[in-house]
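The listed protein sequences correspond, in order, to chains A and B.
Numbering of the first sequence is given in this note's numbering, commencing with residue 14 and proceeding in unit increments.
Numbering of the second sequence is given in this note's numbering, commencing with residue 4 and proceeding in unit increments.
Calculated directly from the structure, the hints in this document are not laboratory data.
In silico DSS-like links for lysine-lysine, alpha-carbon gap of 27 Å or less: (1) B:Lys-253 <-> A:Lys-254; (2) A:Lys-254 <-> B:Lys-417; (3) B:Lys-711 <-> A:Lys-235; (4) A:Lys-235 <-> B:Lys-732; (5) A:Lys-139 <-> B:Lys-243; (6) A:Lys-183 <-> B:Lys-243.
Each chain, written out:
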Amino acid sequence: MDMFISLSHFCDKHGPRVLLVTQMNFNSSDNDPLLLPDYPLESYCDSCILHFPPVSTKQDIRSMRSVLTHHNHQISFVSTQYSSIRYQLLSSIIRKTFSEETMIYDMTPMIFQDDINKLNFVMGFKLHDENARGNERRYCLTFSIDSTDHLQSMQLLSANIDFIINGFQKMIGYIKQLRDVQLNTLAKQGQLDDNLTPIISTYLRGNKTKSSKNLTCLTNDKGIFVKLHKWNTFLLSSLYKKCHEKYERDE
Amino acid sequence: MLAHLLRKSPNSSLINPSNNSNNSNISSNSNFSTHYTNNSNNQASNLYSGSLHAKFHSNANVDTSSVNFNTTDTNIPKVYAQNHMLDHMYDDLKFKLFGTNTLKDKNDRICNIQTENKEKPTMTNPPSLIRRTSSSLSLSNERFQDGFGVFIVEETAKRMSRCSYRIAMEYVSIKGTAIQKIRPNELKEYIFGSPIRLSNSTQTTKIRFIPTSGLIMVTRLFYFEAGSNRLAICFCVPKKYLVAICEVWKQVSLWFDRIQDIIINLIKNRGANNNYRSFVLSPCGGNNGDNSEILLPVDIRNQYPVEAERIITCLKKMLIPNIESIYITPRLFMYPTTSKGFVESWFIDVFNWLEIKDGNKMGFLTVLMAKIMMDFRDLLKKSDVTRIVILSGNPVVANKLIFILSGLLGPKYKGRVEFDTMGNSNLLSIGHKKKPYNFKDHLPNTNNTNYNHNNNNNHNHNNANNASFDSINNMRQPSETGTVTSSEEASNATVEQFPSLTMHSTSKGWEIPKKRGTTNLASISSNEFLGDVIQPSSFKSGSSSLHHLFSSISSQTGSHGSWFSKRPTISQHMQHTPSTISSGSYDRLPSLFRSSSNTSIFGGQGSGQGRTFSNLSSSFATTALASFSTPQQSPSISEYDDYPWFGTPSTNNSNTNNTELFSYNNGSLSYKKNSKYNFPMVNLQLERNYQRLSQESILDEAFDRISKDTTMELIDTVDNQNDSSTDYKITMGNENHASVLEVPMRDLDDDKNEESILEGISDTEQLPRYTIFQPYYNGLFQLQACPQGSESEHKVTLSMKQELYNHSEVHTLLVLPGTREIKEVIMSKKSLTENGKSKICTNDSNTDLESLISPNSTERVILRTKRIFGNGRIISNNGITPTTNLASTAITPDTTGGLLVDYATLIEDILKQANDIFMSTSTSNILSTNNTNNDNNNNITSINNLASTAPATAASTANNTTVQDIGPITGSSVVATSMASPHFTQNSTTATIAGPIARDDISSIRDDLSSLKDDIPNTRDDTPSASNDTCNVEPMNRGLQLQALFTKLLNPELSLPNPIPT
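Hey, can you work out the whole structure from these sequences and the hints?
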């Protein structure tokens, strides 16, 4: 069953955007269809873009890939900015989560299932950012099962729901923790442009100076997307193994 | 009016008149009924319960003074008494069935999900509310007291308006709960979301949390027809049920479908009356006011009370009980076959059953096991509506049988569950290697060598210097309470002294544990067959004490188990003195000498093995027994467990010329002795709740490694493909893709190149739906036991019939331990032929064939009941002539009987071999104990003195022991193994075993295990027993051999002479 995990974000300027999507390919090869060709980065603002770790050589990295072996079968897990094979589906999912549903960004899970969006398990969270609208940036971590068999995909989710909730909470908690550390550091350095500071507060005033901030900047962790990729890979591969070995392990 | 109401409640016709059998259980049943009557504060519900009352009062069979009635359909699980089942279960059985004795009924992850919002629980008021409304009858806490609500809402076309919705129906089961505190405007947002959306007509189902209320809302959004207003059905339940809702998603979807049908019909009816259609089809012409485009009536409950009632009833009786039962029914933990402790314990339980329950007429259990191995094990996997149902009036016996059967079933837990059978039995680990759980941390006593194997439960009250009796054990058997605290006492342990050792804290033993799942004094049971004898007579199950009486008597046909009729008298024991040393009559006696102190004689090394004490003087034992026969409990209580307090004397076994298929007589003799082994199960400290195992530790560890990845810092030094400083590599781009950063996942591997974390995660967290004895039959569970009643079989078949909507064939294995019957019920659907009749022919008198016309009447439901076993013999040698496709069973009916015999013979042979292993290792155990207990030399000596005076035990102290004196084994002698070189013994007559386990295999496994032994953290080095390896070799090998046998048992295909046709 096709599963993928995505991190998406509601951009002040662009609306719902995918930041990173990790997908699986069961036939790992050099010409993996999940790998993205070179694409221009100009159309992305800083908060919407997937920051790959800086590489000394001038390489334009567009994908991250991990290959794991399962029963002598190589499965590749690829994280990219967008999904070339599920572009519409992913767009529809993030539009639904951010725009059509009244999402609450408090790490409570939301599950929705229909013929268009398939089964999705969404966990929303927000990070404090004085440069964003409402002083917070909103993100969603989504686990999706791309299958038309509603019952079966729900079975898969139900069999692993604790694992998924737990796994998502770990990553989100980690990001929030990094953000808190970063905020504390900035506060100590006096660089925090806090709107709630009574003297020069911009609270409830027009804030014309909203600027895009990337997740790597908010968390001060250049490797945050690599960690996300790794964690998604771990979750997906575990789920894959779990549902494939369910009945192969009696004896 | 009454007739009208009865017509309105669709399920009232299904009211079960069989509740006479449940009348004794007024309190719990009334809980159930009053919940619905008292808590439904709305008119419709009151009407509904009123109709039920009316129905029952019209039923002459029902005691009208009782409020005891059953309002539910047969497929509706009633689960309110689940926790009571656990309350009265001993820890040993809990360890066996659940892996732990601390079952959480909460899903912490879900319950804590909103902690960051500092959410206050708002669902705290219901209990008080309930108590107020239900004046005289206390409500069970397990009821769905949190309340639930149903909403049916329509979104009007004016989406951007504030009032763009209309609640057509609202129902809340308990008033004043958080559900009613949701503001309607919020409700609209949660249900419909943002008004700005894509206009598609897809049907959506969603589950979401409602902030600050502790509720989840499950919503189905649909359209009456394309372009019409959006309609929503939604129900709210407390958030703890999230997981359960996902698990019964099939039922949830079905419920939504049904309600959707009701609503669509309602709209159609309404449209026929009001000619609304024109308005709908011309949405632009909105000249007719706001109501012009409204599909739903303003108030369904007033205008369409019948439909409203159906909707509510459907939820209340179909869905909510399912959700609740999934949530609250504890599921079995499936021990892996690699767990030696489990395997030993399992064999012991099988032997106990064979000895005590099956007795002379063995065959029931082996045939049952054979039947399960033959096809039901696979059927259970294939279809979740295949079930094994044990119908028994005795919960304890049923649970023991469930433990035995669950050993055969899968899927098993894949992680490591390791009992340390060596120096201390308190160390074990589950899950990932890196996280062994050490009991030492949790124990007040740091001296691990003192653990009596009888007391190695996690929460034991072991105290090295505490010479007093362990109060946790003495409630069930007097001899178990005895503690020999010094050598003088041991050597002077004469008959006169024993009474003073017994029943030290009987009063405490009678205490009913107040709190479930905690360390309590009264519920520890580590000694299997001693356990569970005393049950509080106040135990409430779904069946009356008459049932217990019934099963206790009837299940003893041909055996010796009946407590009060066949109880061995003192004189019997005296007569048996010389000859019955091997009969197991007083195998339990030696536990008298068990001690919880470090002066323990037998359990001294806490090896986790059942010590045997066969070198005790027989006369000594007999006299001790005689003195112990005084503190009997009244039969009404002790009969609760069919297991007698003392062993059963083996009489007239050997001379019976039984020419049955299986020569059980000899087998029964050889099984006798096994009751002396008692491998205790220990608390695995599983992080689990009722349904799931927690995998948090694995996730924690994996995340730690990923987040602390330091090589990531080196990424910017990655130059090209070849850079040794980091595992990160860059694949250069080509015409298809740009450059790729290859991210290694090596940090998920263990530091020491052990198995990757990824290897350990492959277990599912969700446990299979196997459960223990339930007060009511629950169709959601595949293995269960429930009370036997006149209607119980009917309930099973009725629920099977309901499954036929989705399945073509449904199988159920009915097991009746009381009457020793095994039946296979197969229900299948068959389309009627052109003649309107389906041709059914049967020539088997053992097969009951019924034909039921299913509701749509184009299909015929065929019910076949095959009696597999009854009256002590296999019945269905010739299957019925199949009228339906039996291909799914993979076994043609003609060969079923023969194959079953093959399987049963094979299982019996394996059990015999296991028995031999037990017996051959028994003697050496005691020797090694003697050899290694240097600290307790005085005690040992004293017991040795006692032992050496007994001629009967002379043989057992020798290295090479033959066990022929136990009883003749058909045509062969079983060679017991010596202590130094234990071999796997093979019964030469067991010709049906095509592939006996080769000695090489055993030795190879042994090698594996000895290497595994090294992996075990060497805390055992602190123990004296580790100083002498001879102590360790025996149990280790025994465990290995048993494991090999168990594996063989689970893979009978490998050993059968005729391979199963596939």
